[in-house]
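A.B. asks: For this one, chain A is given, so just place chain B on it according to the hints.
Number of protein chains: 2
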Amino acid sequence: MNFLTLPFFLLGISTVHAFQYTELAQYVDSHQEEYVEALRDWVAIESDSSNVLKRADLHLMMEKVAQKLRLMGGNVELVDIGEQELPDGQMLALPKVVTAQFGNDSSKHTVCVYGHVDVQPAKKEDGWATDPYNLTDINGKLYGRGASDNKAPVLAWIHAVEAYQALSLELPVNVKFVIEGMEETGSNGLDAMILAQRDTFFSDVDYIIISDCGWLSIRPALTYGTRGNCYFFAEVQGPKQDLHSGVYGGTVIEPMIDLIGILDTLISPSGKILVPGIRDAVAPLSDEEWRMYQDIEFDIDHYKNKIGASQLMYSNKGSNNHVDVLAHMWRYPTVSIHGIEGAFSDPGTKTVIPAKVTAKFSIRQVPNMDPAMVKKQVTDYLHSVFAKRKSPNSLKVTMVIGAKPWLADTQHPLYEAGKAAVKRVFDMDPDLIREGGTIPIARTFQDVMGKSIIMMPIGGFDDGLHSQNEKMNRYNYIEGTKLFIAYLNEVSQIRKTTV
Amino acid sequence: MNFLTLPFFLLGISTVHAFQYTELAQYVDSHQEEYVEALRDWVAIESDSSNVLKRADLHLMMEKVAQKLRLMGGNVELVDIGEQELPDGQMLALPKVVTAQFGNDSSKHTVCVYGHVDVQPAKKEDGWATDPYNLTDINGKLYGRGASDNKAPVLAWIHAVEAYQALSLELPVNVKFVIEGMEETGSNGLDAMILAQRDTFFSDVDYIIISDCGWLSIRPALTYGTRGNCYFFAEVQGPKQDLHSGVYGGTVIEPMIDLIGILDTLISPSGKILVPGIRDAVAPLSDEEWRMYQDIEFDIDHYKNKIGASQLMYSNKGSNNHVDVLAHMWRYPTVSIHGIEGAFSDPGTKTVIPAKVTAKFSIRQVPNMDPAMVKKQVTDYLHSVFAKRKSPNSLKVTMVIGAKPWLADTQHPLYEAGKAAVKRVFDMDPDLIREGGTIPIARTFQDVMGKSIIMMPIGGFDDGLHSQNEKMNRYNYIEGTKLFIAYLNEVSQIRKTTV
Chain A
1 MNFLTLPFFL LGISTVHAFQ YTELAQYVDS HQEEYVEALR DWVAIESDSS NVLKRADLHL
61 MMEKVAQKLR LMGGNVELVD IGEQELPDGQ MLALPKVVTA QFGNDSSKHT VCVYGHVDVQ
121 PAKKEDGWAT DPYNLTDING KLYGRGASDN KAPVLAWIHA VEAYQALSLE LPVNVKFVIE
181 GMEETGSNGL DAMILAQRDT FFSDVDYIII SDCGWLSIRP ALTYGTRGNC YFFAEVQGPK
241 QDLHSGVYGG TVIEPMIDLI GILDTLISPS GKILVPGIRD AVAPLSDEEW RMYQDIEFDI
301 DHYKNKIGAS QLMYSNKGSN NHVDVLAHMW RYPTVSIHGI EGAFSDPGTK TVIPAKVTAK
361 FSIRQVPNMD PAMVKKQVTD YLHSVFAKRK SPNSLKVTMV IGAKPWLADT QHPLYEAGKA
421 AVKRVFDMDP DLIREGGTIP IARTFQDVMG KSIIMMPIGG FDDGLHSQNE KMNRYNYIEG
481 TKLFIAYLNE VSQIRKTTV
Chain B
1 MNFLTLPFFL LGISTVHAFQ YTELAQYVDS HQEEYVEALR DWVAIESDSS NVLKRADLHL
61 MMEKVAQKLR LMGGNVELVD IGEQELPDGQ MLALPKVVTA QFGNDSSKHT VCVYGHVDVQ
121 PAKKEDGWAT DPYNLTDING KLYGRGASDN KAPVLAWIHA VEAYQALSLE LPVNVKFVIE
181 GMEETGSNGL DAMILAQRDT FFSDVDYIII SDCGWLSIRP ALTYGTRGNC YFFAEVQGPK
241 QDLHSGVYGG TVIEPMIDLI GILDTLISPS GKILVPGIRD AVAPLSDEEW RMYQDIEFDI
301 DHYKNKIGAS QLMYSNKGSN NHVDVLAHMW RYPTVSIHGI EGAFSDPGTK TVIPAKVTAK
361 FSIRQVPNMD PAMVKKQVTD YLHSVFAKRK SPNSLKVTMV IGAKPWLADT QHPLYEAGKA
421 AVKRVFDMDP DLIREGGTIP IARTFQDVMG KSIIMMPIGG FDDGLHSQNE KMNRYNYIEG
481 TKLFIAYLNE VSQIRKTTV
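Chains A and B supply the protein sequences, listed in that same order. With the UniProt record's numbering applied, the first sequence has no gaps in its numbers, which climb one by one up to 499 at the end. With the UniProt record's numbering applied, the second sequence has no gaps in its numbers, which climb one by one up to 499 at the end.
It is worth saying that the hints were derived from the structure and are not from the lab. Hints may contain errors.
Identical copies look the same in the list; a pair holds intra-copy or inter-copy alike.
[Stated by the list, open to error] Below 30 Å or equal to it, Euclidean Cα-Cα: the simulated DSSO-like pairs (lysine-lysine) are:
| no. | residue 1 | residue 2 |
| --- | --- | --- |
| 1 | K54 | K240 |
| 2 | K54 | K124 |
| 3 | K64 | K54 |
| 4 | K390 | K306 |
| 5 | K306 | K423 |
| 6 | K419 | K141 |
| 7 | K304 | K123 |
| 8 | K306 | K124 |
| 9 | K390 | K451 |
| 10 | K123 | K54 |
| 11 | K272 | K388 |
| 12 | K272 | K396 |
Here chain A stands alone, though its shape is the one from the complex (with noise of 0.2 Å):
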């Protein structure tokens, strides 16, 4: 910051320049089958980060992103993050981290935005209606595989930025942007690409702004907390190898069976967590926070429908209960058990008796829950629900995923410039909402980095993330772009003494 431009910071810098977004939304609105083409090209792309032969592609993808923000005259770069290793041991390079910059004005606020291109495993057999790597737009809804996560809220941003340039107006904040292609995995590469650059590119950087969630109704949200995430893995070796359960079967205990007893403790039939402790550290609810649930549109019958479930977990109550629904979705911990490694899971019949079985189960993290007590107390049950069962084979639990959840605080300046950007483009409060997966990304920004950080989802609350027949509404995406376009003005009006 240089002397001479500290008084209109002091003031706000408001005053400098009228928001002209009427002819920014204008803009947008005229530029939309421009936007679906783009997203379109996007798509096409099947650019899975979880498949190894994809690899390619997912290079593709980032040169693309690299190349769309060079034409637009950022200053871009392609950092590479080194290589993965693959359960065989090859190396595999990860995809390239994309920067870039668009104003360098150092009396400005600087937002950097996060987003990823990766996306999902799909194939049309999993049953999508349309092929999900051709973008297909039916009524409105524009179905694709990553339309909504992530592709079409990384290319908002984008339009948002290239309105402004195409009016000639100046940013009213310097934009970053941090693009990366290995989110669905783990972000594989990321902490320490983020880390290393803490002093260079992040140095000036004010705000994060990631948008990779979604409203919880045809309301616009802003997100404030996510779940972390402890991921185990159980592994009960028995045999030195696999055995035919016919010549076998009765001498050998089975790993497969002492597996199934051990996962059958972790939670009840009604979905009360069984695992000593791990109740005792959630922060209860507050009568505000039980207020503010109550007040969020929340439709559980849709919510049913959409999912195709006849009864939820908690929502026993009575139908209009929609408190406890919200509450066991974003601020209680849950246990879920994805799958077994080793045993025989494809299609057909087999009478083996695996050697070796790898339960994967995770438990979803909330305040005040530590990562390290979760494992502590975990492996801790297991072992001694183990010991209980005398079993002569042995069991491995390890925790391969610690992540910590995340909350903001509502009423900091960037939600309050969310609640204004939202009001300007949607004539509407937003939701304030939470959201129940895991952006660890978010706690490496504020733990590590120090940085305040919003989320702002544009996609709808029933977009299909990680599902079949993934869409983005076109209605999201538009207005969303617009979002994007009120909310750099609005940052650029936060007080930097608020800093």
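C.D. replies: Then chain B, alone, in the frame of chain A:
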């Protein structure tokens, strides 16, 4: 049978030709390198019937068997048994069944040797010390997939016939072969083919010989029983599609947790089957059986070492009590849980709530269990356990295999002939053993065709069927060939009147 030959049978055929065992055995010894080469040639073909991509190899394998038998002057047919339907609806040609006939003398008994030349899957990476499709002789152990199960035994039968031919000796009985290529995946199409040829190829068959199992120790054995198998699918269906466990975890009653809950009620940690009624049908262990088992040479410590288990399920009464172990291996039922389809089974982490999960488990059948009754007992029980969970998910239980156990009379002339042949070749009495696994075709031959069957194994007790590092001992292969030569002669001694 014509009238003139009748008196010979009433006297027994043994008086007609002196049996030149010594010459035949010498011939075998002097040709053992050729036999090993023949096995190497067969093992080199990856005739994996479970892998549709290897179907061409499997067809080639059947051709090779047919060609071998043709060159020996057999009356050979490659019987078309139709197609199989793959899970995706595609049709795939089944490998043809080879039938062959040597000798057509109605004054002689006719035996039919059943065998198979398809194999279980095997990859070097699974933990093989050698290439599974390159037969490797290490200290007289011939390592290779399918070496023991069932290529060497089939070849040994062929070599037995060849030896008679080479020495210009008349075969003491007519010998037929029925060699299939789908045994490892359920003998698809074989039952129908056998029924269709009941009054043609099989009409004059007196005895069925199966050599598709192994000894129990270094002592030769005759097998007089196999367990049956009831194989179940238990499918729990919940949401319409897979869900993100972060976003939905805590609101949804997860199918995987329901499934684990019901699987955990099948069998106790110590191996007690918990399904009501199952154990009631089991024939009690008679004093005679107990004595038979007691007399069998069985080294529990060796067995434990072989499978890598520090403790067995039923050996708690002292390390010398092998009766319990044998009984639970052969003549008591057991539950094996093979795996779960539809859940996450890959390496790594995935945060999914699987929407539909299907457990695969089986209950080995013994006299006097009835698969139809077991089906009802298991289905009713699992539904009652599931109902107690008050889950909104749905459960479907299906029994996809219901194979009865098989038991022969060890005093039958076929077994007496077997004992005599073992005595001649090995100069000892065979162990009379049972087999924990299931050979469903035995029931078809016995129940549907009304044929008497003997199971005459030549494989070693530690051959590693279905596992890594499968092998056939050179000793078993060569002495097994001699055993079959001797057995053909012994069978010819059976009085037709005793059949």
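A.B. asks: With reference to the structure, classify each hint as holding or not holding.
C.D. replies: These are the hints, each one checked on the structure:
| no. | hint | verdict |
| --- | --- | --- |
| 1 | K54 / K240 | between (35 Å within a copy, 28 Å between copies) |
| 2 | K54 / K124 | both (16 Å within a copy, 25 Å between copies) |
| 3 | K64 / K54 | within (15 Å within a copy, 40 Å between copies) |
| 4 | K390 / K306 | between (44 Å within a copy, 21 Å between copies) |
| 5 | K306 / K423 | within (28 Å within a copy, 72 Å between copies) |
| 6 | K419 / K141 | within (26 Å within a copy, 77 Å between copies) |
| 7 | K304 / K123 | within (25 Å within a copy, 45 Å between copies) |
| 8 | K306 / K124 | within (20 Å within a copy, 46 Å between copies) |
| 9 | K390 / K451 | neither (51 Å within a copy, 46 Å between copies) |
| 10 | K123 / K54 | both (13 Å within a copy, 24 Å between copies) |
| 11 | K272 / K388 | both (22 Å within a copy, 16 Å between copies) |
| 12 | K272 / K396 | both (24 Å within a copy, 25 Å between copies) |
Hint 9 alone, counting from the list given before, is not met by this structure.
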